[in-house]
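Chemist: Using full-length UniProt numbering, read the sequence shown as starting at 1 and increasing by one per residue.
Since the hints were derived computationally from the structure, they do not count as laboratory data.
Treat the hints loosely; a few may be bogus.
Said to hold, decoys possible - Here are the simulated distance ranges between beta carbons: (1) Ser-158 with Glu-430: 31 to 39 Å; (2) Lys-259 with His-502: 23 to 31 Å; (3) Tyr-151 with Asp-338: 29 to 37 Å; (4) Asp-338 with Gly-448: 17 to 25 Å.
We treat Cβ as the ideally placed atom computed from N, Cα and C, and that holds for glycine.
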Amino acid sequence: MIKSIIQNYFINVDKKGFKTYFKFKILFIKLAGTIKKILFKSIKTIFIFLTTIFLTSGFAADKNYDLSTVSNTNKQKSTKFDYLNDAFDGAKDLDVDYKSSIKKRYPSYMGDKFSFDSLLEFTLLNSPGINLAKIDVLSALNEFDYARANYYPELGISANTEYSKRFDSGVNSVYIGNDSLSSQTTYSNSLSLVLRYDLFKFGADYYAAEAARENITNTRYKKCVYELNTSLNLLESYYEVLMYKNRVDIYEKLKNLYKMLYNYQKRLLKAGEIDKLALANSAISLADTSYELEELWLNANNSLSKLNAISGAKVKDISLLDDFGLNDTNLGFNKFEDTIIAKQFDYELMQNELALKAEEKSYYPTISFYARYDLYGSDMDSYRASQKDLEKHGYRVGLSFYMSLFDGGKRDTKVKEKEINKNRILLKKEEAKLEYEKDIADLSLYLGNKDRIENILKELQTLSNDTHSMQQRLNQSGENSKIDVLNAIIIALKKELDYKEHIIKTGYNATKANLLLRNWCGE
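Start from the sequences, fold in the hints, and give me the full structure.
Modeler: And the structure:
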């Protein structure tokens with residue numbers, strides 16, 4: 001109305017008024033576009049705000065899908081947003097600034113010594129595999145949302161514009177099967193609001209949603225199991241590097257001793273005090289030790305590369321790794337059924353069982369409600385006129401019943417696959433149980449006897465040191481040769497190697513026991 005008043009005013013003025021009119025019209029169009037954008041953004045903001053309120057306050061109003069519990073059989077209480085926070089930790093860990101804060105928190109990453117605990121913490125924060133497992137939790141949440149959406153109706157808009165040409169003068173409708181032929185020559189337009197809602201599916205949607213709910217907990221436990229396995233792999237690699245580090249240290253000393261022994265025997269050979277065979281044996285011992293030392297360095301660097309690949313850290317040298325801490329270990333291991341490994345399989349079984357029930361319900365019919373409200377316009381001569389003629393045409397409401405009688409065996413195949421998967425999960429669980437019980441038996445046996453073995457090795461090392469001291473005294477008094485002193489030192493070093501390897505193995509087993517007893521899922 002305002003536009004028409006302004007237009008009439010400027011039409012009645014002189015020719016200069018026409019220029020003013022067109023300028024004003026352009027300004028009016030720009031103003032209208034700006035107002036339209038502002039309104040659109042306002043509506044979008046209101047929609048996002050209302051959606052946020054819905055998600056945070058009324059997400060699970062349906063009592064069958066109350067997210068205050070993770071599982072019908074699980075006593076642990078946890079909201080959906082607890083899972084989101086847990087899963088989004090993975091995304092946060094991938095942030096560059098967050099990684100920088102990690103480096104500040106752990107000076108060892110800047111080139112200092114690495115302990116197993118600090119390296120483990122760094123690995124748990126930065127492992128791509130663990131972060132992928134966290135993303136799997138997000139994916140499970142999304143799958144639950146998708147399954148839950150089946151409880152809501154589908155509402156949509158359908159629009160059609162069409163030109164039909166009939167070569168005779170008839171106006172009757174002609175149908176052949178599900179196809180309709182042109183009834184007349186005309187332009188036509190339609191706009192429809194369509195509603196469809198599955199009223200009853202005999203529990204298929206319910207079991208599908210429950211299976212998706214169980215999958216949330218299942219993926220969470222899978223993440224915890226993956227963290228445990230990654231930690232154990234890191235421990236194995238760390239232990240391997242420490243063993244090589246210890247051997248390299250001892251063999252460096254042995255090489256120097258064999259070199260001293262060889263040089264000393266060369267002087268004795270020139271003096272005629274020993275024969276060439278003794279010198280040859282000494283040379284062979286030196287060559288063997290040098291070769292073994294090179295092999296140890298090669299294997300140590302390979303193990304270090306493997307350690308870096310698991311942890312994501314950049315440890316440049318084996319000397320930067322600290323030994324294991326000898327912490328007290330509680331040998332009260334959990335039964336397999338109480339571990340996160342068993343619980344992960346249990347939730348996977350529950351998810352599979354619910355998915356099986358959902359597939360079995362697909363044999364039942366689906367009863368649906370539908371409604372349609374139509375606007376229609378047509379004109380035989382003008383497309384624009386057919387648009388202007390668009391007006392209320394009518395509506396339809398009804399119930400539909402559909403039941404698949406034959407689908408080529410698709411449903412049977414899906415049901416059978418779920419049954420096969422159940423047996424697969426049970427066998428994997430049994431395999432994991434045997435492996436866990438073996439690990440526990442080995443740890444209990446070793447840690448239960450570690451003190452006795454340690455005392456024996458200590459006594460052997462003490463005897464070797466005493467022998468070395470006695471040989472030195474005899475050498476100083478002229479009753480024994482320097483060769484005997486060097487051989488005594490070599491024997492003492494080999495006993496020291498055995499003792500240190502026992503200490504490293506004890507630290508490894510104690511750390512492994514603590515990892516198995518660790519509360520990975522916060523239970």
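Chemist: If you test the structure against every hint from before, which numbers come out violated?
Modeler: When the structure is compared with the hints, only number 1 turns out to be violated.
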